[in-house]
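Given these sequences and hints, build the entire structure.
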Amino acid sequence: MNDAKHSRTLTALLLAPAGVFFVFLLVLPLLVMLVYSFGVRAPEGGYQAAFTFDNYLNLPARGKAFTNTLLLAPLATALTVLFAYPMAYFLAVKVSPRWRNAMLVLVVAPFWTSQLLRYYAWMMILGSKGIPSWLEWIGIADVRLLNTPYAVLIGAVYGFLPLMVPPIFVSLEKLDKRLLEASADLGSKPWQSFLQITLPLSLPGVATGSMLVFILLMGDYILPQFLGGGKVYFIGNALVDLFLQSRNWPFGAAVSIALVIIMFVTMYFYMRFVLGKTDQRRVAMV
Amino acid sequence: MRIYATLVYLFLYFPIALIVGFSFNAGKYAMDWQGFSLAWYSKAFSNPLILQALITSLIIAGMTALLSAIIGTMTALGLERVTGRTRTIFDALIYISIMVPGIVIGISTLIAFVTLFNMVNPLLLSLWNIKIEMGIWTVIAAHVLFNLAVVCLLVRARLTGMDRSLVEASEDLYATPMGTFRQVVLPLLMPSILAGFLLSFTFSFEDFIITFFVAGPNVTLPIYVFSSIRRGVTPEINAVGTVVLLSSLLLLVIAQVILQRSEKIAVAKS
Chain A
1 MNDAKHSRTL TALLLAPAGV FFVFLLVLPL LVMLVYSFGV RAPEGGYQAA
51 FTFDNYLNLP ARGKAFTNTL LLAPLATALT VLFAYPMAYF LAVKVSPRWR
101 NAMLVLVVAP FWTSQLLRYY AWMMILGSKG IPSWLEWIGI ADVRLLNTPY
151 AVLIGAVYGF LPLMVPPIFV SLEKLDKRLL EASADLGSKP WQSFLQITLP
201 LSLPGVATGS MLVFILLMGD YILPQFLGGG KVYFIGNALV DLFLQSRNWP
251 FGAAVSIALV IIMFVTMYFY MRFVLGKTDQ RRVAMV
Chain B
287 MRIYATLVYL FLYFPIALIV GFSFNAGKYA MDWQGFSLAW YSKAFSNPLI
337 LQALITSLII AGMTALLSAI IGTMTALGLE RVTGRTRTIF DALIYISIMV
387 PGIVIGISTL IAFVTLFNMV NPLLLSLWNI KIEMGIWTVI AAHVLFNLAV
437 VCLLVRARLT GMDRSLVEAS EDLYATPMGT FRQVVLPLLM PSILAGFLLS
487 FTFSFEDFII TFFVAGPNVT LPIYVFSSIR RGVTPEINAV GTVVLLSSLL
537 LLVIAQVILQ RSEKIAVAKS
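So the sequences go chain by chain: A and B. My numbering applies: residue 1 is where the first sequence begins, and numbers increase by one. My numbering applies: residue 287 is where the second sequence begins, and numbers increase by one.
In case anyone wonders, no lab produced these hints; they're calculated from the structure. Please note that the accuracy of each hint is not assured.
[To be verified] Each computed SDA-like pair below joins lysine to any residue, with the alpha-carbon atoms no more than 25 Å apart: (1) K64(A) to V157(A); (2) K314(B) to V519(B); (3) K174(A) to Q546(B); (4) K5(A) to F467(B); (5) K314(B) to G130(A).
Here it is in structure tokens:
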């Protein structure tokens, strides 16, 4: 009896600090933000208590930020998968186990260096003194790359390739090679085996990687700020503007809530359909 | 395939090489090579603003990593001991704190702190003539929220893969629960705690967006870098960036070696 009580106290003590963090830095702030989103902007900026849905009805005023984000984030995620998959395949299948880990670390390493500086480097590469001036040299004039959607897409592939490769790599590496042998024995051509075995079995890795990258892209600020230069802006840029420049906190709160809701709804459907399907496939395989 | 891989590595490292290269540029402007020079290194490391920003960043990242490693591990251990509703709620909170974008965490923390300060400060001022405001501690608090969830997930992954028979053997040999924890469980969890510590340190050290909202007047290195890039003056930043880059690559290699060695020891022991 005493022992059980003792044990319960210990459990409570172990969980208490995290509980405090979750309540005071996650749940309460999100609730405060929800309350703010129904308020009005105080004359000097900030928040004034009220109860109105105007902020939500006014969301189309930042519609461009929403459409940009909802168009470019999934597109950039798909492009990253496209570029990451062959790389992961190469590392998991073609490279000898001896070098495999070292080469994977080389792919991931850039992610651990300053994001700001890496995107800044791309500002230089895509800027007027970079690729456009090289193209001009070979006769293609007037190419503008920086501050276009293309720059944002290139930056996204560059920035998130290091995150996308490892999960795909893991799912390809633990793939049972005997399945491929069996498939070859049964007369499949290599591309048939790839389409029918390798690809479906590596989908969980693709799904994990895409989820990671998609989450980070949806809330990104630096990438569109640097490579979109105020012309191609995301919800994150609209939020910084609303909170720090125009100081319209209630409207900013409504935009934040909308972003969180969009994220959770997409994640829900994503998990339900994409992950659900890959699970079924795995079951069907067994 | 091999050509493709080479191209990917070039794509990944060319921008980094550009930063490192231009940190040795004698000239002041980006993409305008004026000859080799180490001047920006000595300028950067005698610039009090940069040094202050670096120290602030190191303090924030160090404290965040320490607190996240401790609290994250405690949470993982605690969650092993509960089932039912408590566990579901904690699981949900962990995933929510990872899924909510950093920018929303930054903004909501800012709003919540400002609201709290507005309520508390008049009282504090009249009682003791002090007031609380945004500072390093608000940044640490916001960073720990995200990172404790990351550490917790890492440690839990290790806990589920852990061989229960080791704990049972230790109990059979009359070790006290604390003894079992110190001599069996903790050493087994150490690699993932360490990995979590290094991850948290890097996330916190690199974070721009959360810090941007909750740092108040404090300037961390990413905030300094951001404002210099906005002004377009960066040669000093290239130099600092190169040093930070090389140290983080070094840390990564060290972490890799630690993880591999601990795996080898674990294999050898079993």
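Which numbered hints fail: none
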